[in-house]
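*Asks:* Going down the list, the sequences are from chains R and X.
Using our numbering, the first residue of the first sequence is number 1, and each one after it goes up by one.
Using our numbering, the first residue of the second sequence is number 1, and each one after it goes up by one.
None of these hints come from the bench; they were simulated from the model.
One or more hints might be untrue.
[What the hints assert, rightly or not] With beta-carbon atoms standing in for the labels, derived distance ranges:
#1 R:R117 - X:V6: 38 to 44 Å
#2 R:T69 - X:I62: 42 to 48 Å
#3 R:R117 - X:R29: 51 to 57 Å
The beta-carbon is built from N, C-alpha and C at its ideal position, and this holds for glycine as well.
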Amino acid sequence: MNSAFFLVLRRMRAPIIVLIVIYAISVFGLTLVPGVDAEGKAAAPLSFFHAFYFISYTATTIGFGEIPTAFSDGQRLWVTICIYLTVIGWSYSIVTLIALLQDKGFQNTLTVNRFSRRVRQIKEPFYLVCGCGETGNLICRTFDRIGHAFVVIEKDELRVQELDLQDFKTDTPALAADASIPDNLLRAGLKHPKCRAVLAVTSDEQANLAIAIAVRLLNPSISVIAQGRTLSVTANMASFGTDHIINPFARFAEHLALAISAPERFRLIELLTALPETPLPEIHRPPRGRWILCGYGRFGRLIADQLMPAGIELTIIDPSCNPEEMANSIRGYGTEAESLRQAGIASASGIIAGSDNDVNNLSIAVTAAELNSSLFVVARQNHHVNAPLFDAYRDDYTMVPSRIVAQECIAILTTPLLAAFLSLLRERHEDWSNALVCRLQGLCDGRTPAVWGLKLNISEAQAAYRALMQDRRMTLGDILRDGTDRSQPLPAVTLLIRREDGLILLPPDSLSLAPGDELLIASSLAARRNLELTLYRPSELDYVLTGHEVTGSWVWNWLAARRKAGEQPS
Amino acid sequence: MNLEKVIFGFFIVLAATLNFGFFIGDIDRPELHHVYELAAALVVSLIATALKFGDRTQIGAIHLSTSLVADLQLIAAAITWAVAVHATGEGMTASVTSSVVSLSGGALFANIVSVIILIVETVMLRR
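In isolation and in its complexed conformation, chain R is listed as follows (with noise of 0.2 Å):
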């Protein structure tokens, strides 16, 4: 039984003995006063049921009056007694009910069994998503977009609330607990049978490591993905086999290098791993040449290691650097004129902002741009609050680290062939990649397409499977069409597909499908719906590969396949 209940008794305890003793004592009392007929001479007491009878609707202050006969004086004497302390009996119970109903500690006891109930009761597969800041918050509404079920474990009971008054499709399970506790990872449902992965994105990074070991020991079947920002932290993590670790600084790193070094390929990767339907990102060129780099902690270090590989010459500014010790580094914060003069602002070609501080970011960006017009400016923005300030600002490229790691835990989790497409890229040429991205453009008017897998088995492609288990042979270019007509093609591009043996990338309309088949597929969200529903129902299938429409009656099924047996006789 659930400890409200026992809570409940627990408290009522001393009120329920007390409201016992009072009836106990008044149905007592009403047998032993003598009572009168209706001669007026005396006549036996009341008996237990008829006491009983009358204490119970005085008590409860219904009053039928003196039942059965008229009480003598010495009766209505120990009733008057008895009204008063039944009513207080229960006004004591109730007042005692009250107070526990609002008791902190028993509205948190409800809450938490009643979250542990909703959780019991997910019957889809579902997300467990640590942590809902500003990453936790993308993501979750991410999910919700795209269908996906998930759980919230949030330390700020504040955001918990935000959370309710969100919009989300679907009624959400959400818990303000800290999440580094095993006990209420369980409680989000860690062992449910339908918890698919575990998502680790608090803004402490201790945190995350204890949510990792948690799940690791406590259900290593599922994978965790979790955020690291430094080193050791991120060591730690991958020493005891977490899936995933997203260190946002690190990505933007190897973004910007990538940048640099192939934009068409990054503009790809920005296309495929963006969130789906956001609208499309600024297209980025960041210049080869000489970069100045303000601030050199995690952060700037990280950009450093990929930059300078890829041939970038780099000045570094930072208030800890010795000039001495390193080459083209300037002791200073780089919001000032002169220390950026120092570093070579004239001829630079491109500059990033990259302290922990908003301010000062912006503050270097604006500086840097008046000294020299033409400068590549990057930002990073830390909190999601200043978006209107980068935005205002306009620069060339802003890092927003949760938006990174949004997007990074959506692609891991909602598409695991995308890292396979991905790795296939790097043999590829710029041209490829840039007729690529042009297609993709295209798919969702200004949108970024949705990127999702669908495999060709019963569960998601119920209708296809049968279909080509019975050797009915279709083409990727038959049932790439819009289900409520057939003459128009689907806006949709199929980046890969795996079959037992390999991979096809960019497989043309032509191929025949074979059952098994995984598709990787980039579309509009309503696209992916249209096309997920041509291959589940056989009646819409056989519409898109024929252009007849079936009712999917039995009986209608059954009449139209007697009168064609009729008008072909054997």
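We have chain R already, so just place chain X on it with the hints.
*Replies:* Positioned in the frame of chain R, the structure of chain X alone reads:
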């Protein structure tokens, strides 16, 4: 000494003794089984039940369940009495008396189990 334990033990034993007092005597003779004793046994049994509320241990659960059985039996006995005396007007005949007393006998058994658990619990106590 713990006052809570004293009260707890007191009510459990009192419920059993009152129950025994009502039960003892020839089963079909109404003059040996006074209705006040039944009422007292019922009230004390209810109080004992309330005292056992909210204990989540295994022993606490068995305590509560035996008490609930005793309550049920005594309430059944009281209803039988009320029906015979007031509803049907049959009065305390030998058969009615024996059914009331045998119901209270069942309750007595549950109360004895309660007392035994209480003793076992005490014996197992090491402090």
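*Asks:* Next step is simple, just say for each hint if it's right about the structure.
*Replies:* To see whether the hints hold, each was checked on the structure:
1. R:R117 - X:V6: 38 to 44 Å: Since the Cβ atoms of R117 of chain R and V6 of chain X sit about 40 Å apart, the hinted range of 38 to 44 Å holds.
2. R:T69 - X:I62: 42 to 48 Å: With Cβ atoms ~47 Å apart, the hint holds.
3. R:R117 - X:R29: 51 to 57 Å: The hinted range 51 to 57 Å holds for R117 of chain R and R29 of chain X, with Cβ atoms some 56 Å apart.
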